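J.: Protein chains in written order, with our numbering: chain A, 6 to 74; chain B, 6 to 74; chain C, 6 to 74; chain D, 6 to 74; chain E, 6 to 74; chain F, 6 to 74.
Treat the hints loosely; a few may be bogus.
Note that identical chains are pooled: a pair holds if it fits in a single copy or bridges any two copies.
To be verified - Derived pair list, reagent style BS3-like, types lysine-lysine, alpha-carbon separation capped at 30 angstroms: (1) Lys15 with Lys58; (2) Lys17 with Lys55; (3) Lys20 with Lys55.
Note that these hints are calculated values from the structure, not bench results. Nothing here was measured: the structure is a model prediction, and the numbers come from that model.
There are 6 protein chains.
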Amino acid sequence: MRISARNILKGKVVKIVRGAVNAEVTLELQGGTQVVSIITNGSVDSLGLKEGKEAYAVVKASSVMIAVD
Amino acid sequence: MRISARNILKGKVVKIVRGAVNAEVTLELQGGTQVVSIITNGSVDSLGLKEGKEAYAVVKASSVMIAVD
Amino acid sequence: MRISARNILKGKVVKIVRGAVNAEVTLELQGGTQVVSIITNGSVDSLGLKEGKEAYAVVKASSVMIAVD
Amino acid sequence: MRISARNILKGKVVKIVRGAVNAEVTLELQGGTQVVSIITNGSVDSLGLKEGKEAYAVVKASSVMIAVD
Amino acid sequence: MRISARNILKGKVVKIVRGAVNAEVTLELQGGTQVVSIITNGSVDSLGLKEGKEAYAVVKASSVMIAVD
Amino acid sequence: MRISARNILKGKVVKIVRGAVNAEVTLELQGGTQVVSIITNGSVDSLGLKEGKEAYAVVKASSVMIAVD
Numbered sequence: 006m007r008i009s010a011r012n013i014l015k016g017k018v019v020k021i022v023r024g025a026v027n028a029e030v031t032l033e034l035q036g037g038t039q040v041v042s043i044i045t046n047g048s049v050d051s052l053g054l055k056e057g058k059e060a061y062a063v064v065k066a067s068s069v070m071i072a073v074d
Numbered sequence: 006m007r008i009s010a011r012n013i014l015k016g017k018v019v020k021i022v023r024g025a026v027n028a029e030v031t032l033e034l035q036g037g038t039q040v041v042s043i044i045t046n047g048s049v050d051s052l053g054l055k056e057g058k059e060a061y062a063v064v065k066a067s068s069v070m071i072a073v074d
Numbered sequence: 006m007r008i009s010a011r012n013i014l015k016g017k018v019v020k021i022v023r024g025a026v027n028a029e030v031t032l033e034l035q036g037g038t039q040v041v042s043i044i045t046n047g048s049v050d051s052l053g054l055k056e057g058k059e060a061y062a063v064v065k066a067s068s069v070m071i072a073v074d
Numbered sequence: 006m007r008i009s010a011r012n013i014l015k016g017k018v019v020k021i022v023r024g025a026v027n028a029e030v031t032l033e034l035q036g037g038t039q040v041v042s043i044i045t046n047g048s049v050d051s052l053g054l055k056e057g058k059e060a061y062a063v064v065k066a067s068s069v070m071i072a073v074d
Numbered sequence: 006m007r008i009s010a011r012n013i014l015k016g017k018v019v020k021i022v023r024g025a026v027n028a029e030v031t032l033e034l035q036g037g038t039q040v041v042s043i044i045t046n047g048s049v050d051s052l053g054l055k056e057g058k059e060a061y062a063v064v065k066a067s068s069v070m071i072a073v074d
Numbered sequence: 006m007r008i009s010a011r012n013i014l015k016g017k018v019v020k021i022v023r024g025a026v027n028a029e030v031t032l033e034l035q036g037g038t039q040v041v042s043i044i045t046n047g048s049v050d051s052l053g054l055k056e057g058k059e060a061y062a063v064v065k066a067s068s069v070m071i072a073v074d
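For reference, chain A alone in the conformation it holds in the complex (with noise of 0.2 angstroms):
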């Protein structure tokens, strides 16, 4: 399946914490940058979500503000 976003990112999970109905994950991309994202945990099941595994950031670029110094 191919997706709209236009930003697809890709890592390795490094870190999930679940609570009840959602589950934080991090992604570590090339590089080194940690991206940090909230998905349930109904999702971490089903795509089989755990550490060291290869995934991809995907954000829709309505979502990404810009900042400045």
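With chain A fixed as given, assemble chains B, C, D, E and F onto it according to the hints.
T.: Chains B, C, D, E and F alone, transformed into the frame defined by chain A:
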């Protein structure tokens, strides 16, 4: 100002395409990955964005999805 | 690619209206319900979207609100 | 109240899972499609949501992505 | 219709700028604070929005970030 | 840091409820309006949020919907 958004990725503006109300701003992160953002023209102006300027892509963790191959 | 977004609704593209940076894409789901999406023109092009093409509306669970009468 | 969100899909609540601050609410649309939503517990309470109740899934057009096979 | 979005701020439309698919709508809240919204032209039309009209800015709690100085 | 988000509303933290991964943070704006936000516990900690502290509610324009009676 410090913000709750967990993802703040440093880069450089490489492209700005303006529409009537929104603009598409592309950042190139360190390492070469490109991130595409849709923000208002008002923000492009107030931040003084232009090609070559250093900037950050800012994304709330709840806006990040995870995908696997 | 499989994605964490919990809502993936199958349909067919019935209308595309392009602006300078964004496009409004309307899908008709099985059963006749229409779903309206705003994505970038770049995505319309890269996915090869056109009227009549089968496609999916994809929505992260945290973007769905609930209303009652 | 009428709202600008372009997607208002009628259904029935089939499942509610509560966490400490958020709840996962599943609606079944006419035709059988299920839609999953994450909203606050405060909203579950103030809307009086419970299994079997008629409700709508509401999604802003800019939160809808498109995917193709 | 009552909606799960936790933030419903009463104001008055003070400015509408239309693009090809999206419009930028500015509300002035009681007290003088301005809130800027991007919605589709289709919504501006269906809600009959125009300058001077009373309206509400509606924001899902998961779309609100917090910042400190 | 200055950010592209068009809506930056000044207030004071009046309530924080923590879950396992997310927290619900309520701000009271000048004039008495309350704004509810869902952010990660990690952000509550890194910003040092606590009741009584001055803070801003930050919302991207594309996350704001409009409603009318």
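J.: So which of those numbered hints doesn't the model satisfy?
T.: Nothing - there is no hint that the structure violates, so all of them hold.
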